[in-house]
Amino acid sequence: MKGINLMLKKILRCFSVALFFLIATSLSANAEFKVGFVYVGPTGDHGWTYQHHEGRNAVEAAGMKTTFVESVPEGADSERVIRQLAQSGHNIIFTTSFGYMNPTNKVAKDFPNVKFEHATGYIREHSNVSTYSARFYEGRTLLGHIAGKMTKTNTIGYIASFPIPEVIRGINSMTLAAQKVNPNIKTKIVWVFTWYDPGKEAEAAQALIDQGADVIMQHTDSTAAVQVAEKAGVWSFGQASDMQKFAPKSVLTSIIDDWAPYYVERSKAAKDGTWKQQDTWHGLKEGMVAMGPYNPAMGSALVKEVEQLQKDLASGKVHSFTGPIYDQKGNLLVAEGKTADDGMLAGMKVYVKGVEGKIPE
Amino acid sequence: MGSLIKIEKRNDISNSILLFSPVLAIILTLLSGAIIFYFLGFQPLEALKIFFIIPIADLYGFSELLLKATPLCIIAIGLSFCFKTNNWNIGAEGQLIFGGIVSGGVALLFYNQEGFFILPIIILTGALGGAIFALIPAILKTYFNTNEILTSLMLVYVAKLLLDYLVVGPWTNPEGFNFPETRMFSDSARMPLLFEGLRIHAGIFIALMLVALSWFIFFKTFLGFQMKVSGLSLKTARYAGYKGKKTILLVFIISGACAGLAGVGEITGPIGQLYREISPEYGFTAIIVTFLGRLNPIGIIFASLIVALTYLGAESAQIFLQVPKSIGQIFQGLILFFLLASDFLLYFKVKFLITQKKNEY
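These protein sequences, in sequence, are chains A and B.
For the first sequence, the numbering used here gives the first residue as 1, with consecutive numbering after it.
For the second sequence, the numbering used here gives the first residue as 1001, with consecutive numbering after it.
Do not take every clue at face value.
The calculated DSS-like cross-link candidates involving lysine-lysine, where the alpha carbons are at most 30 Å apart (straight line), are [said to hold, decoys possible]: (1) LYS34(A) x LYS1160(B); (2) LYS188(A) x LYS1160(B); (3) LYS106(A) x LYS1325(B); (4) LYS271(A) x LYS311(A); (5) LYS1325(B) x LYS1049(B); (6) LYS186(A) x LYS317(A).
Covered stretches of chain A (chain B as the covering partner; in silico rule of three or more C-beta atoms under 8 Å from a C-beta of chain B) [as the list claims (entries may be wrong)]: (7) 61 to 70; (8) 80 to 94; (9) 151 to 164.
Simulated from the structure, these hints should not be mistaken for lab results.
Here the structure is a predicted model, which is why all the values come from computation and not from measurement.
Ideal placement from N, C-alpha and C gives every residue a C-beta, glycine not left out.
Could you put the whole structure together from the sequences, leaning on the hints where they help?
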């Protein structure tokens, strides 16, 4: 009796092992080079995830096979999705939201042969994890220049998401550039504590307009702010994608996230075996930050000025954070003739002079 | 001629029908799923295999299924107490989050401390937090006659905003560059893992214990009998000594505590910290699970596994078939739709009046 039982068990185990290998091999039969993407939102037609998806399309166009998983919550689910992509034979995986930082590093530990690229994070625990982000603040400098020239009320409204250095850097960069062309500039801020909530963003835009802002910009993902601005007849800027089609009169230009060159380059490097761990922070120079078309309402003189400034920022002739820079209390942050280094930019925690209100704590 | 179709209640409903209806619903879901996949241009059988079998074909996948099903099962067990007695607690999501907040606060309090007593305290405070949060709609219902559907639902947003505030403000990780998240909990505040390398944790025993306990209460105690009768007919229950208000408070406490426990399991299990999205709406999905499981503890086990599988399947289908995430939601919708439809047809019979007239007159 015991013998039969044992035999049955053995047969069963053989079967299950065979089944497992059948499935495993059927999934990884073709050891083709594959690139995986994890998105925090739906692919949509504008915004953060849409731009990453455009990057993916470029990788596909460069002849590499890609897979994406959209709307992956930043909770416990993301680790499973990243792991599944690694397990199913993807050679390089881009995880495109800050909340994937810990899961990416955890999975990377178990898949040393797979390359991982985490957007906007700062943890690279294993040699197969790279991080990358863009110098969006350079784009903000251009917006500040335009806003300083276009405003009649000398008040710029800024819809901010979370009080992280990335967002504070954008506010400061914009304000400094606006002050250069218009010393009376005041920046008013509404914190919405979300990356995407059209209702909240629209309310914030309206509140800023009611407080006298005639130029609005946002560090959030929806088109709500530009649409409110269009209706109210004030100026606005697109964020992440070109948003001119959503508010043709109001949008002056857009900051565009262009991940395509980076994604193609890194995927190719992984394919050729030349991929190395790095921390990338690209800007206007490399094209990771690009500008949308300029609204003719700006006038050709201003467009020329801005295009020149764009060239100077790209070449390094002009730096967004050039001294003297003072904080709200008048303390010197960057001395005259000096520029802020990357360490200071990465940890930016105070407003510059001219920004109204306090950073929420 | 009036209406041609008449709907009548069947008198002869056997217990086997109660079991048969979910099975029928699943078969119909698979069939229509196959049709959908066919029209999307996939091999129906292959696609169904990728959706329902591949995700759990190995040990890791199966453990992930249990991991995903655990919070659903725990919440649904609690909700079955409410729904059996016609108390419509829609706010389990809020109770989960509040339980997570309270227990997460305790976990942060014990940051970097060792001790076997830490985890039990965290678990208990989590249950307590959920129970207290559920008591609010219960008290409002019993003493002020408010509608618990509205109050419990609105409290979800209160809990979400409170969590937002805490992780952005006072509880934010001091080394985390102001990103909206707390520190990672110490190991002594984490659920023990069942296997090295898998994420399945001791929370599954909480689920199983609750299943056994609720089964005992429902079928072996006078309280369970009262609850059953009160659900069927309140008047009869009053004759049997049923105390309405006390029961309402009790079932809300039970379901709130369960939701709180689910929250504890998530934050001390796979997540390990507090941030803004500790639950991908488990509290709402569990409502479907509760009804799919026919308010029966054993049924709820199966229902939570099936619903969890639709999530895993949706991820797998995105990776291997590149279909949108919505496909998984379609499957969830189909299951519920077919369950309700087959319920309806099993409980009621449809009579066509024309043919009847010929027969009877």
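Exercise for the section: List in ascending order the numbers of the hints, as given earlier, that are violated by the structure. Expected result: Failing hints, ascending: 1, 4.
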